[in-house]
Amino acid sequence: MRIEVKGVNDVLMMKIHQDCTFEDFLLELDKLLDQPIFQQDGYFPKAFFDFGCRIVSEEEVKRLILLLKEKKKVLFFGITLPSQQNQLSIQREQLHNGEEISIYQETLFLGVVNPGSFVYCYDNVYFLNRVKGTIVVMNENVKIYGHDFQKAQIMINQKSLHDLTVSALSSVYYKDNEIIVQKEDGYEQNYSHNFG
Amino acid sequence: MSRTIVITSGKGGVGKSSMTINIGYALADKGAKVCLIDADFGLKNLDVMMGLENRVIYDLKDVIANKCSLKQILVKDKRMDSLFLLPACKSLAFDNLNLDYMSKMIEQLKEDFDYILIDSPAGVEKGFQYASGLAQEAIIVVTLDVVSLRDADRVVGLLLKQGITQLHMLVNKYSEEDIIKKRSLDLKEAYDILSIPLIGIVYDDHIMIEANNKGMPVYMNKNDNITGCFQRIVKRLEGMEVPFQKKKRKPLLERIFR
Chain S
1 MRIEVKGVND VLMMKIHQDC TFEDFLLELD KLLDQPIFQQ DGYFPKAFFD FGCRIVSEEE
61 VKRLILLLKE KKKVLFFGIT LPSQQNQLSI QREQLHNGEE ISIYQETLFL GVVNPGSFVY
121 CYDNVYFLNR VKGTIVVMNE NVKIYGHDFQ KAQIMINQKS LHDLTVSALS SVYYKDNEII
181 VQKEDGYEQN YSHNFG
Chain L
1 MSRTIVITSG KGGVGKSSMT INIGYALADK GAKVCLIDAD FGLKNLDVMM GLENRVIYDL
61 KDVIANKCSL KQILVKDKRM DSLFLLPACK SLAFDNLNLD YMSKMIEQLK EDFDYILIDS
121 PAGVEKGFQY ASGLAQEAII VVTLDVVSLR DADRVVGLLL KQGITQLHML VNKYSEEDII
181 KKRSLDLKEA YDILSIPLIG IVYDDHIMIE ANNKGMPVYM NKNDNITGCF QRIVKRLEGM
241 EVPFQKKKRK PLLERIFR
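Chains S and L, in that order, are what the protein sequence lines are.
For the first sequence, this note's numbering begins at 1 and goes up steadily by one.
For the second sequence, this note's numbering begins at 1 and goes up steadily by one.
Isolated chain L (complex conformation):
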């Protein structure tokens, strides 16, 4: 049974695209066949962050214009054989898109993939409505700050109205130090605001920025902390109960001579 999950947040800059890519990699690493859909029409993010920019030949506009088939626009990842990307199209406006057409396309993709992850654009406007209209589940990416959580709460309300009741909260840029020093909210406060189950945390780490810039997803760095976070998220997505990843500290010498 194929699952279609939208990754959304409301607020921009919380790491929706990074989470989409890395969850995609973690699922593919477990043997699932995964398709990532970049629903940020008008902009393009996922292909650049995955280092697949040069491999994109066709895009959604070409499928709509019958210039190519749906299978032809799917870009296979260069590191994982079971991971594919459906790239966005810079020149495509939402007015040219038909939700019924997109839904049919998703149904077609469901025949070939175990997971379809849709990277939603920021905001709660047309782009978000399009992306969420195609999914049955949602992962809401938040950071532990009031604005992100308030926006996420707005998104939760809108998703529930759309009939998407299977919602998960993913806390990105998690920093124990910030929580201890009361610089950010904690997980309990986040849960109090959203009241949806927490599917995982991803530690704040500078390698995330580096990975995105180099087009090399952080999951493939095999960094114990971050990779472990995504592996656990995937396990929870599949219904397993696993504890949260504990952040491992670097050895003393490595910390001194970094």
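If we strip away everything but chain S, and leave its shape as in the complex, we get:
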């Protein structure tokens, strides 16, 4: 049997073996639903299908539901979807004077941010190269990381930090109405005196 059935809180958990093809699964499910245990008139157990890390296409889901509809033995309770992991996007371009970019997801920024350019951050950004331009943090929970800020300007929540020059790995974030620059050694520096 390549479908393992377990009862969990009034739901039949149907775990599909990872090596089983979808065609084999449908054939096996077809046979399984014909078993006497499912022949109880008036009672339709809920069935949840656990496909593990397999990605099931829309077409395959439709075929599964059609089979269940045809058999009329169980109620479709759902399927597992592959868990969404945090995706880190990579930005390779160099930003030139006058250019601007908005970043909506966690990003590794490989290019140089030149003076006069703007980066609008909606999520955490890790700058691996020089930052000489302006970083506008659009959400006060966002942190930016970098190791080479050269006269950079940081703006968070309408507060602005001018001429930030740091050449050690640092994170910049917003805390208690202040912009904080925390160096790798854990030393927090408050730049409130530089606010513009």
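Calculated from the structure, these hints are not laboratory results.
Keep in mind that this is a model prediction, so the values were computed, not measured.
We treat Cβ as the ideally placed atom computed from N, Cα and C, and that holds for glycine.
Cut-off 27 Å, straight-line C-alpha distance, at most; resulting in silico cross-link-like pairs (DSS-like, lysine-lysine): (1) K33(L) - K235(L); (2) K151(S) - K11(L); (3) K72(S) - K6(S); (4) K33(L) - K71(L); (5) K246(L) - K222(L); (6) K110(L) - K44(L); (7) K181(L) - K151(S); (8) K151(S) - K182(L); (9) K61(L) - K44(L); (10) K188(L) - K151(S); (11) K33(L) - K78(L); (12) K44(L) - K126(L).
Short, incomplete list of chain L residues facing chain S, as computed with Cβ under 7 Å: (13) R150; (14) D153; (15) R154; (16) V156; (17) G157.
Using the hints, position chain L against chain S.
Below, chain L alone, put in the same frame as chain S:
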């Protein structure tokens, strides 16, 4: 294979036109057939600086109006047989120009020339877009000051967006003394800002102003320092690796009794 190169900068007054003319002369001196295009429509610079003002009979407006052929507006230089100028037209507005028409014209010129150098107007407005829209390569002329480099960086971004990826930096008005005394930025700082390869340096020299005023390009003065700079730029354009020109000091007596 013909190459079309736009010479641009963003900031005005850095020496785009001088560089265009002198690179043109240096290429022609090496035997290449060169056409210089003055894309500063509405103004005219190159013909005056090359001393060809009186030889301009037709201009681009006449070609557009079908009054003459493309070959008829090309002005042959009086010193170099393989150097030609396509003069700008003072009365021509960009609205009357069609980029497709200009592109076709460039294609036509490519059949006859090895190099087409386009002198772009200052700024990043329509004139710059026109000039850069016609080229596949760009030489960005800068001086070692922050404003020039920042403007050049803006231009680099715009050129990359237009799909021109072959970019070269040319540092004009280079003064070792200013760099040593920290009055200007140095080449490393310029490279840090632009991140494009340096194709050459041209020393700051008063003879450049004199040459432009007299309509006698500085390359033809055979001044060792300046002429050498342009010869090396041309070699690098052709893919050769050559060291930068070392500035030769004038003999002591000449310095005392200048």
